[in-house]
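Asker: Protein sequences appear in the order of chains A and B. Under this note's numbering, read the first sequence as residues 2 to 282, first letter to last. Under this note's numbering, read the second sequence as residues 2 to 282, first letter to last.
Do not rely on the hints blindly, as some may be mistaken.
Same chains, same names: a pair is fine if it fits in one copy or spans any two.
[As the list claims (entries may be wrong)] List of simulated lysine-lysine pairs, DSS-like, C-alpha gap at most 25 Å:
1. LYS177 with LYS32
2. LYS173 with LYS124
3. LYS3 with LYS32
4. LYS14 with LYS32
5. LYS28 with LYS48
6. LYS28 with LYS14
7. LYS28 with LYS3
No wet-lab data here; the hints were simulated from the structure. Just so it is clear, the structure is predicted and the values come from calculations on it, not from any experiment.
Protein chains: 2
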Amino acid sequence: MKTSIDCLPCFLKQTVIALRQLGGDEKTHEKVFRDVLAIMQDADMSKPPAYTTTFIHRTIRDGIDRDPFEKIKKEFNAIALSLYPSLRDRVKASPDPLWTASRLAIAGNIIDFGIFTSIDIEKSIAQSLRTEIAVDAFASFREDLMATEEVLYLLDNAGEIVFDRLLIEELKAAGKRVTAVVKGSAVLNDVTLEDAFQVGLSGICEVIDNGSDAIGTILPWTSPDFRERFEKAALIISKGQGNFETLSGTEKRTYFLFQSKCDVVSRELGLMPCSMLFRRS
Amino acid sequence: MKTSIDCLPCFLKQTVIALRQLGGDEKTHEKVFRDVLAIMQDADMSKPPAYTTTFIHRTIRDGIDRDPFEKIKKEFNAIALSLYPSLRDRVKASPDPLWTASRLAIAGNIIDFGIFTSIDIEKSIAQSLRTEIAVDAFASFREDLMATEEVLYLLDNAGEIVFDRLLIEELKAAGKRVTAVVKGSAVLNDVTLEDAFQVGLSGICEVIDNGSDAIGTILPWTSPDFRERFEKAALIISKGQGNFETLSGTEKRTYFLFQSKCDVVSRELGLMPCSMLFRRS
Chain A
2 MKTSIDCLPC FLKQTVIALR QLGGDEKTHE KVFRDVLAIM QDADMSKPPA YTTTFIHRTI
62 RDGIDRDPFE KIKKEFNAIA LSLYPSLRDR VKASPDPLWT ASRLAIAGNI IDFGIFTSID
122 IEKSIAQSLR TEIAVDAFAS FREDLMATEE VLYLLDNAGE IVFDRLLIEE LKAAGKRVTA
182 VVKGSAVLND VTLEDAFQVG LSGICEVIDN GSDAIGTILP WTSPDFRERF EKAALIISKG
242 QGNFETLSGT EKRTYFLFQS KCDVVSRELG LMPCSMLFRR S
Chain B
2 MKTSIDCLPC FLKQTVIALR QLGGDEKTHE KVFRDVLAIM QDADMSKPPA YTTTFIHRTI
62 RDGIDRDPFE KIKKEFNAIA LSLYPSLRDR VKASPDPLWT ASRLAIAGNI IDFGIFTSID
122 IEKSIAQSLR TEIAVDAFAS FREDLMATEE VLYLLDNAGE IVFDRLLIEE LKAAGKRVTA
182 VVKGSAVLND VTLEDAFQVG LSGICEVIDN GSDAIGTILP WTSPDFRERF EKAALIISKG
242 QGNFETLSGT EKRTYFLFQS KCDVVSRELG LMPCSMLFRR S
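All chains should be built: construct the whole structure from the sequences, respecting the hints.
Answerer: As structure tokens, then:
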């Protein structure tokens with residue numbers, strides 16, 4: 002997908018949200034903003050928004066010399082972890098645990114403090130679970146899953162990763178070998194190895210990083226090791242809008258589990274904003 | 002007031018709204034955006050937001066070689082005019098016509114298609130009339146009015162000007178000489194001489210223009226004629242947030258009638274967003 006002019010106000014809103022995470026002084030914030038505006042002037046609008054936001058978030062981290070989301074990521078992981086036992090019980094008690102865990106993984110994508118300024122996880126998840134899946138390729142997913150031994154699982158946000166753990170545990174219970182993929186280093190509220198460790202995912206499946214600090218998965222910017230794994234993967238689960246933006250043209254058999262959080266992506270998909278998707282490539 | 006970093010996403014949102022008024026081609030829009038981003042990079046954050054948005058809206062008009070709001074201004078004037086007879090009856094039938102007309106003039110400030118993407122005038126006005134005035138200096142205004150012969154009335158938006166006409170008619174009925182002030186040329190959805198003519202204000206009081214295309218009233222950028230009138234004015238009614246931003250430090254006895262439409266101004270005032278104000282300088 003291309004970048005729309007409607008994305009541009011949102012880029013700056015994301016910048017405000019990132020800068021406001023840490024307080025900090027106005028002079029530094031203004032300096033960061035001028036650098037972000039310079040990046041936006043050179044934005045390649047023919048590329049997905051994730052390209053420009055990757056540069057923007059690098060600039061923010063460089064400008065304040067920290068990862069603005071470090072603390073809140075830990076907090077949201079902890080909140081989500083506190084919900085984990087009851088969510089696991091819910092999955093296990095359901096007539097179709099794989100379906101319930103998939104649905105929870107999509108619901109968990111509502112946790113995105115890089116876009117939303119405040120979020121009540123429990124309430125948001127409950128609401129997401131009441132919402133119908135707008136695009137639902139679950140039946141096809143189950144079939145594809147039966148034909149494969151391995152799943153490459155591209156993770157998205159902190160907090161959300163606990164919901165992914167539920168789905169990964171179901172995939173493991175079905176005898177699949179799962180490799181979960183985190184970002185190479187800090188970017189926005191995306192998970193890194195540290196988050197996988199915090200929520201106990203490292204003990205459940207192999208976790209690798211993609212060697213990149215890009216929003217979504219911009220393949221040319223990932224490590225050769227990751228690219229090899231990606232190329233060899235028979236079945237990919239891709240979480241989040243950033244991964245959808247950057248991988249929607251892939252020829253790999255990929256299932257995109259996410260919520261369309263912005264007007265631009267929703268319009269492109271012909272859906273209402275905040276639609277829940279289980280979409281096949 | 003100063004410009005906050007929170008204003009910056011809003012500047013771009015205003016740019017999208019302006020560009021979307023006319024359709025037009027993507028290439029031109031992108032070019033305009035890059036020019037707007039360049040302006041924002043040089044923004045003087047120590048000045049009110051109206052300074053930067055003045056430059057931005059000039060750039061938009063230059064970039065598309067038209068006034069994007071020309072058509073919608075006429076439409077909103079016409080819609081508001083269709084409500085005029087019933088609003089006038091409401092004023093005349095009320096126990097305190099001056100108060101009712103003042104309140105309607107503040108309610109009319111909700112009409113701002115430069116900020117809101119869609120608006121149902123009748124519904125918005127009805128809602129505004131149900132809302133309590135958060136800062137109410139009407140009693141003081143009535144006293145000041147009794148002590149003066151003349152009022153300088155700084156107008157704001159198209160559509161809203163019909164509500165101003167109601168208040169101006171009450172001021173005239175009270176024997177005051179009113180001079181209504183429009184912008185020198187097109188800017189955003191602000192009124193010019195053409196709008197005053199369209200809604201019949203020209204036949205009711207003297208209408209002058211301020212010689213400027215600035216958002217609000219940036220005195221150094223107005224004409225010498227207007228500045229003289231401003232300096233001599235004993236009592237000023239100032240409509241809208243733009244005029245408040247740019248004139249709130251004035252030593253002139255001024256009553257600011259407006260709604261605080263954004264988070265930044267509302268925060269500065271210590272009020273909830275969308276508060277209605279009848280505020281004394």
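Asker: Next step is simple, just say for each hint if it's right about the structure.
Answerer: Hints versus structure:
1. LYS177 with LYS32: neither (49 Å within a copy, 50 Å between copies)
2. LYS173 with LYS124: Answer is neither: 29 Å inside a copy and 55 Å across each miss the 25 Å cutoff.
3. LYS3 with LYS32: This pair counts as between: shortest inter-copy Cα distance 16 Å, intra-copy 28 Å.
4. LYS14 with LYS32: Classified as both: same-chain Cα gap 16 Å, cross-chain 21 Å, threshold 25 Å.
5. LYS28 with LYS48: Answer is between: at 15 Å across copies they meet the 25 Å cutoff, but 31 Å inside does not.
6. LYS28 with LYS14: Both. Shortest intra-copy (18 Å) and inter-copy (24 Å) distances satisfy the 25 Å Cα cut-off.
7. LYS28 with LYS3: Answer is between; shortest inter-copy Cα gap is 13 Å, intra-copy 33 Å.
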